[in-house]
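> Once you've looked at the hints, dock chain B against the given chain A.
Protein chains in written order, with the working numbering: chain A, 101 to 447; chain B, 101 to 447.
Just so you know, the hints here were simulated from the structure itself, not pulled from any lab data.
No copy is singled out in the list; a pair is fine if it fits within one copy or between any two copies.
The calculated lysine-lysine pairs, modelled on DSBU-like cross-linking and capped at a C-alpha distance of 30 Å, are:
#1 LYS423 with LYS200
#2 LYS261 with LYS420
#3 LYS261 with LYS207
#4 LYS423 with LYS261
#5 LYS420 with LYS139
#6 LYS423 with LYS361
#7 LYS357 with LYS261
#8 LYS419 with LYS142
#9 LYS270 with LYS423
#10 LYS371 with LYS410
#11 LYS207 with LYS371
2 protein chains.
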Amino acid sequence: MKRKRKNYLPMAEMVVALLIACLVGAALGSNSSDDGVGKQAKGLFGPLPQTMASAKNPITPEKVSLGKMLLYETRISVDGTVSCAKCHPVSLYGADGLRKAIGNQGKVNPRNAPTIFNAAAQISAHWIGNRLDVEDQARQSVLGPASFGMPSYQAVEQRLKELGYGPFFKQAFPEEREPVTVENFARAVGAFERTLVTPAPFDAFLKGNRESLNETAKMGLKTFMDVGCAGCHNSPYLGGQQYQKFGITAPYWQYTKSPEKDDGRLAVTKKEADRYVFKVPVLRNVAKTAPYFHDGSVDSLGEAIWIMGKVQLGRDLTKKQVKEIDAFLNTLTGEIPQDALTVPLLP
Amino acid sequence: MKRKRKNYLPMAEMVVALLIACLVGAALGSNSSDDGVGKQAKGLFGPLPQTMASAKNPITPEKVSLGKMLLYETRISVDGTVSCAKCHPVSLYGADGLRKAIGNQGKVNPRNAPTIFNAAAQISAHWIGNRLDVEDQARQSVLGPASFGMPSYQAVEQRLKELGYGPFFKQAFPEEREPVTVENFARAVGAFERTLVTPAPFDAFLKGNRESLNETAKMGLKTFMDVGCAGCHNSPYLGGQQYQKFGITAPYWQYTKSPEKDDGRLAVTKKEADRYVFKVPVLRNVAKTAPYFHDGSVDSLGEAIWIMGKVQLGRDLTKKQVKEIDAFLNTLTGEIPQDALTVPLLP
Numbered sequence: 101m102k103r104k105r106k107n108y109l110p111m112a113e114m115v116v117a118l119l120i121a122c123l124v125g126a127a128l129g130s131n132s133s134d135d136g137v138g139k140q141a142k143g144l145f146g147p148l149p150q151t152m153a154s155a156k157n158p159i160t161p162e163k164v165s166l167g168k169m170l171l172y173e174t175r176i177s178v179d180g181t182v183s184c185a186k187c188h189p190v191s192l193y194g195a196d197g198l199r200k201a202i203g204n205q206g207k208v209n210p211r212n213a214p215t216i217f218n219a220a221a222q223i224s225a226h227w228i229g230n231r232l233d234v235e236d237q238a239r240q241s242v243l244g245p246a247s248f249g250m251p252s253y254q255a256v257e258q259r260l261k262e263l264g265y266g267p268f269f270k271q272a273f274p275e276e277r278e279p280v281t282v283e284n285f286a287r288a289v290g291a292f293e294r295t296l297v298t299p300a301p302f303d304a305f306l307k308g309n310r311e312s313l314n315e316t317a318k319m320g321l322k323t324f325m326d327v328g329c330a331g332c333h334n335s336p337y338l339g340g341q342q343y344q345k346f347g348i349t350a351p352y353w354q355y356t357k358s359p360e361k362d363d364g365r366l367a368v369t370k371k372e373a374d375r376y377v378f379k380v381p382v383l384r385n386v387a388k389t390a391p392y393f394h395d396g397s398v399d400s401l402g403e404a405i406w407i408m409g410k411v412q413l414g415r416d417l418t419k420k421q422v423k424e425i426d427a428f429l430n431t432l433t434g435e436i437p438q439d440a441l442t443v444p445l446l447p
Numbered sequence: 101m102k103r104k105r106k107n108y109l110p111m112a113e114m115v116v117a118l119l120i121a122c123l124v125g126a127a128l129g130s131n132s133s134d135d136g137v138g139k140q141a142k143g144l145f146g147p148l149p150q151t152m153a154s155a156k157n158p159i160t161p162e163k164v165s166l167g168k169m170l171l172y173e174t175r176i177s178v179d180g181t182v183s184c185a186k187c188h189p190v191s192l193y194g195a196d197g198l199r200k201a202i203g204n205q206g207k208v209n210p211r212n213a214p215t216i217f218n219a220a221a222q223i224s225a226h227w228i229g230n231r232l233d234v235e236d237q238a239r240q241s242v243l244g245p246a247s248f249g250m251p252s253y254q255a256v257e258q259r260l261k262e263l264g265y266g267p268f269f270k271q272a273f274p275e276e277r278e279p280v281t282v283e284n285f286a287r288a289v290g291a292f293e294r295t296l297v298t299p300a301p302f303d304a305f306l307k308g309n310r311e312s313l314n315e316t317a318k319m320g321l322k323t324f325m326d327v328g329c330a331g332c333h334n335s336p337y338l339g340g341q342q343y344q345k346f347g348i349t350a351p352y353w354q355y356t357k358s359p360e361k362d363d364g365r366l367a368v369t370k371k372e373a374d375r376y377v378f379k380v381p382v383l384r385n386v387a388k389t390a391p392y393f394h395d396g397s398v399d400s401l402g403e404a405i406w407i408m409g410k411v412q413l414g415r416d417l418t419k420k421q422v423k424e425i426d427a428f429l430n431t432l433t434g435e436i437p438q439d440a441l442t443v444p445l446l447p
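Pulled out of the complex, with its shape left as it was, chain A reads as follows:
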């Protein structure tokens, strides 16, 4: 598969990026005042939008309402046990607490299920960029052998019709004569996901309320920017905007104790440069979405922070630094939108 846009950096450029991140960090590090930290943070992260709108799939109330229903629908999976919400339950901030997601008939997915909150504005969905966006992720999931496991799009559409979804699709896609399609299933689920933004204490801080972060968290934010974490974990989502090699300065599995090495994005691009390359994950709600990394190999956030310092930045973060970054990352735990906290009743 050819890709025109280059969202990842080859090795040499990565090292340069890393150096720049460190130098920028060091230069800014001298300003330790709240305002200095706040200004630096504003530049690196920017304001969180109210939704993750897309021109390709505009958000409408009818699509969102249908999308939420479909998120909970298990009866369109091959054994009737898998819904989007199975691996992305709202109660666990849109992740499932497992190392690797488990789909129909107990089948294990290749990687950890990322949260659906604040997910729709990334360069792609999932870890290795084999899903273009949240709509594509929904579309592909219904046939995924370890997710819904359905034999064909037709089979999914047939079931949706039998279950009585016809009128709901008609409302969401009024222009279409035959609206019950997997394409529209994907649009509806995607539209719902595009509303799943979770404003957090950190956003109040960025808006100028400097009391939203306590001193420990502020120190953590400063370190997060100074040592280079924000070189990759930036944007309002603190991630999701680029691919990076996991393990720049040391092989990741030496620290994560992963039972297997994962080739990462190499599986998509077939390029050697993409071995061990993954999408930089979004860090919003990270304190609520353990275990960590593409294989869920690490249970504790503190350990994950320390490992990232070690294998991405070549730094041995001190216990104090880890504790402070941990406190900062906890200020990214946001408020779930009311609509997402309500269970839909299915037809």
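Just chain B now, kept in the frame of chain A:
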């Protein structure tokens, strides 16, 4: 296992009960006015309580709140995929849409998962009375090999502590020094379930609003009482108050096309008289909780109604009668309590 209370009827008594139900039905059948039907219904079903309170497990807000969290908690199952809500999702009115419930590692449970709504006031939980009440059901589920599959109560308690449930148990059970126990897990889940009552159009009808049922549904209610359905499906829950043989006038599997015969309550009492005996299920929300019967062998409510006439009452209900009873049973689809429609966020 000896049981002093006799909640089921041996064969001869069942036939007598059936005859009485038919005669009572026939006698009352002559009065076809709304008031006559309403009066008869009031006597047979009675008003739906606001909660299904129990002196043994009083309902408190703290217990209910904890119970709702625990209902969604997957991380206390052996593979991290099973919660109470997995087989009893609110989105599907507390049942799972499967023939037989599926637990950890894809294991199939012996029977269909009954809804958790309006369930706590029955003589026992589940189909064959091997769970004393909803609390006992929660307690037994954590060790159930095809449900949570945990190795021991200690293992469950250990996980609850690790997940940070300590303060929530303390709030719910303030008198106890070590409140994080499976016993209290069961009490909390049970207390939440005891709030799950769903008032329906039929209740408005019983209260005197005769317009709550359309003419078809009223005819269905009349037939339901006249032909003998209400002989077993009575009380405010339309069931759950007695055990009965499934297939009094003909073997059930000849009509349900069940792939296996289920001994039913014989497995609990070891008495031959209990072969094919099951608890009479609650009919509230029955239109929303297909498929039907202990093995989920029948998909359509109309077919289930016709089969019940055939094998329990020895009647060949006409298409019109089936349609009318179906319309009546649809008036038992109730309003889910607001609290149950909100997803809890887990620690």
